[in-house]
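Protein chains: 2
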Amino acid sequence: MYSGGLKKIVVVVNSNKNLIKISPLIDKFARYYDFLEPIILYTSSPFSKLEAAYLFDELKLPKPHIYLNVKNGAYPECTSQTMIEADKCFTELKPDMIIVSGGSDAALGTAISAARIGIKIAHIEAGLRCPGNVSGTDINRKMVDSISDMFFVTDCNAHTNIKAEGNPEESIFFVGNIMIDAMNKFMPLAKNSRTPESLGLVPNGYALLSLHRKANTTNFENMKGIISAARQISRSMPVVFVCYPRVKEEIKKFGLLENFNERDLILYDLYKYPDFLALEKGAALMMTDSGTMQVESSALGIPCLTIRKNTEWIATVKEGTNIIVGPFPEKITAAAEMIIANKTRTTSVPKYWDGNTAARIADIIAKSFTRIEPGTRKIKTNNPFE
Amino acid sequence: MYSGGLKKIVVVVNSNKNLIKISPLIDKFARYYDFLEPIILYTSSPFSKLEAAYLFDELKLPKPHIYLNVKNGAYPECTSQTMIEADKCFTELKPDMIIVSGGSDAALGTAISAARIGIKIAHIEAGLRCPGNVSGTDINRKMVDSISDMFFVTDCNAHTNIKAEGNPEESIFFVGNIMIDAMNKFMPLAKNSRTPESLGLVPNGYALLSLHRKANTTNFENMKGIISAARQISRSMPVVFVCYPRVKEEIKKFGLLENFNERDLILYDLYKYPDFLALEKGAALMMTDSGTMQVESSALGIPCLTIRKNTEWIATVKEGTNIIVGPFPEKITAAAEMIIANKTRTTSVPKYWDGNTAARIADIIAKSFTRIEPGTRKIKTNNPFE
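Protein chains in written order, with this note's numbering: chain G, 1 to 386; chain C, 1 to 386.
None of these hints come from the bench; they were simulated from the model.
Beta carbons are placed, not taken as given, at the ideal position from N, Cα and C, and that holds for glycine.
Hints should not be assumed to be uniformly reliable.
Label-pair restraints from in silico Cβ distances [to be verified]:
1) C:F328 x G:T91: 40 to 50 Å
2) C:E330 x G:T91: 48 to 58 Å
3) G:T370 x C:E330: 46 to 56 Å
4) G:N69 x C:D269: 56 to 66 Å
Derived BS3-like pairs: lysine-lysine, alpha-carbon spacing no greater than 30 Å straight-line [what the hints assert, rightly or not]:
5) G:K309 x G:K60
6) C:K185 x G:K214
7) G:K214 x C:K88
8) G:K318 x C:K309
9) C:K185 x G:K94
10) G:K309 x C:K185
11) C:K318 x C:K185
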């Protein structure tokens with residue numbers, strides 16, 4: 001059927017986390033090695049020695065082929081630099097398709113350049129919309145979707161959104177959530193982790209708290225309320241607050257560090273994904289403002305309280321274990337107490353969140369090249385000439 | 001009803017032509033001087049003395065209030081610079097709304113910044129989609145539409161497109177085409193123009209040709225074919241080829257200058273809009289790759305041959321006087337001969353292309369501020385929490 005040369009597929013990655021998430025797809029592309037060439041484009045600068053040892057030696061992640069060297073920064077500079085560098089890169093490389101995921105400035109910048117040059121765009125996690133509170137990520141996601149050619153959706157809400165935006169059914173692919181694939185991939189490493197034990201935690205005997213959104217971490221009232229709720233919950237079971245060093249600094253600055261101790265309410269800054277996975281897997285309850293944790297808790301069947309007023313991961317609420325509580329201490333403690341009292345774990349998991357998402361995406365992309373030639377991207381219109 | 005302070009409306013303009021087009025809207029905002037403050041943002045650098053004399057003394061256009069000083073250039077640099085400068089400007093100015101028109105890099109750059117800061121976006125000429133050949137303008141238009149809050153559409157095709165992309169009916173406003181307002185506004189000046197006379201042309205006795213798209217002007221085969229068609233037509237009636245100096249240079253470079261003379265096939269580089277309008281008004285036939293000319297010919301009831309393979313101005317084909325002929329000499333001459341033989345003028349004009357578009361837009365925007373407070377922008381989703 002297929003008779004052309006190797007098709008170049010640029011996979012855009014903008015962070016460690018993103019590389020972990022996308023790595024199962026790179027693995028699955030291997031089965032099409034004879035006609036698909038995945039090229040990992042990392043939008044930032046090469047990794048430090050420490051990061052490289054962790055990512056490539058320990059996690060055995062695939063190494064990026066290209067670095068765009070875009071500096072971290074505010075959206076105008078970050079999106080702009082990405083667009084400018086991606087334009088140069090794509091003009092020279094002439095890829096047949098780029099794959100972006102999520103709604104980062106890196107995703108938007110590369111997508112704009114690809115669209116302008118006429119390169120097909122596949123969007124993983126297309127169609128996610130966070131109602132009410134419109135963040136930069138939400139705006140970027142919508143813009144990337146507006147110029148994408150293939151939409152890989154995680155759940156039926158995202159599917160409905162993408163369809164409602166006028167995209168033809170044949171461009172939308174309900175493939176499930178690739179984060180589950182990544183979680184499964186690194187679970188064997190997590191099983192060897194000594195992190196829970198070193199913190200004196202027993203399986204199903206503690207709550208896991210993590211915050212990273214600036215709407216929470218840089219807001220004194222929010223942080224004070226959330227930490228007081230955590231303290232309350234820690235009377236029933238230990239609470240581990242896992243955070244980035246940046247967040248620890250904020251907590252210190254707010255004078256809230258004294259709430260923590262080494263037994264009931266533990267502040268722990270953690271670097272490695274398998275150790276974090278180990279903590280997740282043993283938790284009786286998760287509390288978070290992270291998208292990944294909402295997804296992973298649902299896949300693991302562990303109750304999750306989301307400390308935001310809304311979520312783009314509506315599927316975790318409708319089909320999974322997620323409850324939206326906002327940054328309100330009374331709501332957090334009330335929901336936590338109910339969960340701790342019941343100690344039940346649900347087994348309901350959103351459809352196709354089964355660890356086979358990367359394989360589905362790779363198969364669909366491979367198939368698309370056996371029937372669609374590059375350079376035939378089209379915008380749907382009510383065109384009387386066609 | 002309204003009780004707040006002056007609402008700041010930033011009107012984004014990126015060229016002389018754009019300023020002419022948008023000026024009727026500025027005029028109409030005057031009736032709301034007590035609560036709307038239109039602020040003209042020109043994305044480029046201040047005008048030369050010559051340009052300023054033409055625009056402000058002769059055409060009496062409103063002067064821009066802010067200049068972003070973005071340099072002309074390729075899309076990545078131009079969009080990026082606009083985004084970065086607009087971000088600074090909007091952060092300081094805190095406008096309540098920005099108005100962009102069309103699908104320029106300036107429109108995209110300012111729209112991204114407005115969306116990220118949380119400023120409402122009104123898009124004039126929303127929903128236009130050029131099927132098949134996806135240009136930079138088409139891509140920008142789609143992206144701007146994906147993050148706009150109010151859609152001002154020129155015709156029912158654009159209305160259908162915007163609706164099909166999932167935007168709620170109450171955000172879409174079928175107002176007609178503001179280019180007609182601009183045309184009407186400057187028609188009195190056009191009536192005083194001595195340009196047609198100076199070229200020895202009589203009303204309804206010549207064809208007007210204009211090209212500016214690089215797909216034509218930098219393509220030798222296309223230009224050769226189009227000019228040979230023009231030469232053929234000039235045996236029936238004089239053909240005036242009006243062009244920018246850049247296009248004249250291309251023609252010279254291609255060695256096609258010798259086809260022109262001062263009587264039948266005239267090459268004329270022209271600077272001023274009223275003179276061009278005068279040439280349009282007297283033409284028996286227009287041939288063009290310009291969007292504005294497709295629109296104006298339909299409004300004037302003059303037959304138009306569009307030298308492109310497709311158009312975003314589908315309304316001019318369905319409801320107006322436009323015929324798509326592509327850059328093919330046989331098609332151009334065949335269509336021209338038919339028109340010249342009939343010498344009929346149609347009076348069919350697309351709905352609401354009546355010169356009252358600017359007034360409609362101003363009224364709708366004014367009304368929106370009496371019921372919607374700024375900062376309430378929403379992305380439509382199937383949200384179970386609402």
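List, from low to high, the hint numbers that the structure doesn't satisfy.
-> Result: hints 1, 2, 3, 4, 5, 6, 8, 9 and 10 break, sorted rising.
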